[in-house]
Amino acid sequence: MSDERRKWHERLNVTLWTLIIPPTVWAGHFLFSYLWAAISCAKEGAFAKFPTLFVAGTVLALAIILLSGWIAHRQTGMRGDSPPHDEGTEIDRLRFLAKSTLLLAGLSFVGVLFTALPVVFIGDCR
Amino acid sequence: MAGGVLAVSALVLTGCNRHQSALAPFGLEARSTLGLTVVLTIGAAAIALAVAAIYVAAARAPEGRLSHKGGMRLVLWLGAIIPTVVLTALLLWALPAMRPLPAEAGDLRIRVEGEQFWWRVAYRPPGAPPLFSANEVRLPVGRTVVFELAATDVVHSFWIPGLAGKMDMIPGRTNRLVVKADKPGTYRGVCAEFCGLSHALMAFDVIAMEPAAFDAWLAAARTAPPRPQDRGAALFAREGCASCHAVADNGTRDIGPDLTRFGERLTLGAGILAPTPENTAAFIRDPHRFKPGARMPAYAHLSEDEALALARWLKRTSPEEGR
Ligand SMILES: [Cu+2]
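If you read the sequences in order, they're chains L and E. Counted the way full-length UniProt numbering counts, the first sequence spans residues 1 to 126. Counted the way full-length UniProt numbering counts, the second sequence spans residues 1 to 323.
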């Protein structure tokens with residue numbers, strides 16, 4: 001398959017670097033949420049009234065995770081090499097990374113949601 | 001079976017201890033926490049049983065019965081999707097219970113300060129002067145009460161298991177714990193943060209009262225029980241007890257427990273001894289026998305008779321009392 005014939009998301013090959021995008025986004029969102037709550041409690045004595053920034057940040061984080069999960073999902077669908085499976089090949093590596101990215105994206109998506117929920121429910125500094 | 005055993009042991013445990021147990025709630029917060037505990041425990045037991053049953057079924061299945069595809073599907077559903085849904089549901093259900101109860105400006109505030117190894121208490125009803133006490137907390141059932149918790153020496157933790165979760169008492173800051181009792185009775189609270197030698201001997205009585213009875217008590221408590229100028233009074237003055245204790249307007253509340261209504265207390269020495277005159281006399285002569293490290297000097301030079309006279313005088317709740 002030549003590069004020209006592949007769609008853009010297929011041309012974006014998953015690598016070890018793109019594998020860590022979903023968990024990194026999750027970690028960033030986690031840190032951001034806690035810092036935001038701690039700083040607004042310390043400085044204002046209360047949660048911000050309209051946490052627009054928080055909502056936007058959460059939506060952005062979820063969107064990035066969804067996107068990388070979707071790209072990875074498309075790549076797990078690629079056809080593997082035919083037997084004999086005597087050694088690792090490029091395509092095997094790609095499929096493995098894609099599957100791992102997909103699983104991590106699922107985990108990170110839920111992680112971001114679970115981090116965001118307490119803010120919605122508690123809204124109190126105590 | 002595990003669920004059954006747990007339910008039974010919970011019953012047995014509450015049977016043993018109705019006064020100081022998160023399994024015998026008398027307030028809103030403890031009640032909702034107990035609900036969570038029961039559901040989580042039974043749920044966890046049910047899941048453990050179900051997993052064991054699947055193991056057994058898989059191990060016993062005849063050859064060729066299980067497919068790789070079916071196994072992977074099982075892992076996807078039972079290993080990922082269902083746990084996520086269950087955890088999300090539990091989170092959504094439990095989070096509202098973490099919200100502090102709402103309190104208004106007109107609610108009764110009770111300030112409690114932890115000190116090695118006793119509790120300084122001040123009732124601050126809205127629009128009235130504070131009422132001081134120690135080692136005992138009374139609160140009206142059905143009304144919101146705001147505890148303001150602080151400490152003067154080291155970190156303590158204020159825990160009334162039947163009422164609400166514990167809250168730390170930290171020197172230099174005031175923590176707020178909003179509670180609502182819903183069942184009258186006599187309960188017990190403890191210090192839940194190691195604070196020194198007698199940490200395990202730092203408890204207090206909690207008396208949840210009907211609102212009308214509470215109001216009547218609060219009003220009556222403002223007049224100190226009259227004490228005669230007898231031998232007890234003379235000893236109290238001679239031994240300088242007022243340099244650490246207050247009896248009505250005489251003395252200080254900054255160092256030791258307020259003794260104005262000591263006669264009313266259900267226990268002696270912050271929840272550890274029966275409040276008899278004999279125990280009180282023994283405590284005065286040698287507090288460290290009962291509480292190692294207590295910040296009260298021993299009055300070993302007092303004769304038993306003198307100590308008893310002091311104890312009787314302190315324990316007076318009314319002038320007629322001729323004990
Ligand atoms: Cu303590």
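It is worth saying that the hints were derived from the structure and are not from the lab. Note that the structure is predicted; figures quoted are calculated from it, not measured. Incorrect hints may appear among the rest.
To be verified - Below, a list of computed lysine-lysine pairs in the DSBU-like style, where the Cα atoms sit at most 35 Å apart:
# : chain 1 : residue 1 : chain 2 : residue 2
1 : E       : K166      : L       : K43
2 : E       : K69       : L       : K99
3 : E       : K166      : E       : K183
4 : E       : K166      : E       : K180
5 : E       : K69       : L       : K43
The hints, checked one at a time:
| no. | hint | verdict |
| --- | --- | --- |
| 1 | E/K166 x L/K43 | holds (26 Å) |
| 2 | E/K69 x L/K99 | holds (17 Å) |
| 3 | E/K166 x E/K183 | holds (19 Å) |
| 4 | E/K166 x E/K180 | holds (14 Å) |
| 5 | E/K69 x L/K43 | violated (55 Å) |
The structure shown violates just one earlier hint, number 5.
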